[in-house]
Amino acid sequence: MNGEVTASRRVIPVVAPTPYDVGDVNMFLVSDERTLTLIDAGDDSEACWDALHGALERAGFALRDLSQILITHSHPDHTGLVNRITALTDVPVYAHPEAVPRLTREPDFLSMRASFYKRLYREMGCGEAGERHAARLQRAIRNNDPSKIKAPIRTLRESDRIGAYRVIEVPGHSPDHLAFWDEREKRLFAGDHLIRHISSNAFVEPDREGNRIPTLVAYARSLTKCLELKADIVYTGHGEPVDRPHELIGKRLARIEEKAEKLKAYIRSGSTTAFQLAQILYPQKYDSEFSAVMSEIIGLLDYAESKAAIGKAMRSGVWHYEA
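The sequence shown begins at 1 in full-length UniProt numbering and counts up by one.
Just so you know, the hints here were simulated from the structure itself, not pulled from any lab data. Hints are supplied without guarantee of correctness; some may be wrong.
With beta-carbon atoms standing in for the labels, derived distance ranges [claimed, not checked]:
(1) Asp-65 <-> Gly-23: 26 to 34 Å
(2) Glu-185 <-> Glu-158: 30 to 38 Å
(3) Gln-284 <-> Thr-104: 34 to 42 Å
(4) Gly-23 <-> Leu-253: 21 to 29 Å
(5) Pro-97 <-> Pro-76: 50 to 58 Å
(6) Arg-166 <-> His-53: 29 to 37 Å
(7) Gly-250 <-> Glu-131: 33 to 41 Å
(8) Gly-250 <-> Ala-323: 40 to 48 Å
(9) Ala-87 <-> Lys-307: 44 to 52 Å
(10) Arg-58 <-> Arg-161: 28 to 36 Å
(11) Lys-251 <-> Lys-186: 45 to 53 Å
Note that CB positions come from ideal geometry on N, CA and C, so glycine has one too.
Given these sequences and hints, build the entire structure.
Okay, structure coming up:
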């Protein structure tokens, strides 16, 4: 991606490698006559740190010139450099309120979240596989302090304005996901909400009270919301910008429908629990990519249920689905 100058605002992509399957991560510097905004803060790695410094230097800036950091969502490959930056310069950090307990690694929230997954995987029929994964989450709580954001976090909600941007809530991939809409230039900074080369996972998450969020249902609604913006270009958290977003959004929504129909057919053939469906649809991945696979299956079940295409009943503590 090359830097783009539109009117008085310049978009400077900052691309850096990550150890994740999704590949390189994108940060964006956006400058105008008054402010320099960093949208997302990459992974906590030397590669991301060097990429950010290099981009600033080539554009004639330094860290001290940053006016604000806008976080699209709380995943670590989008927040990793916040502590390094704020340790060196006093710059405000903005995120969704739901991101705060995740970014600050609030112990009570993390403990509740681990208990949530233990109960969820039991109710979805995951048995020992679910217990193993829930136990790993519980152990990980003790090792979370290094990723804790230490700077104060200012919160943004739907329709708030910050500089040139209107805040758009786009929950789905993450319950705290924001996008930043530059209406004058018809461009959207969308984080991982929309990615050209892969479909975004809608990871199953609890709200602050421990209730399960129907994340794929929320994701589909958020896609439709973005479709209504009629953006000319979408800058994404990974990969190249999307220059015909309405086409890609249409494909993503159609794919959700196709997968839900496929799941319904398997339910009719006798696979009635989420874990059984995961083993059938992803026999090579359900163990190695347990969280992502179970999130997809549970999300699709929620989606089909929201359309009244399937129902469910609990038997012996496990949800069984019927179509």
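Subject >> Structure versus earlier hints, numbers of those that do not hold, lowest first >> reply: Violated hints: 2, 5, 8 and 11; rest satisfied.
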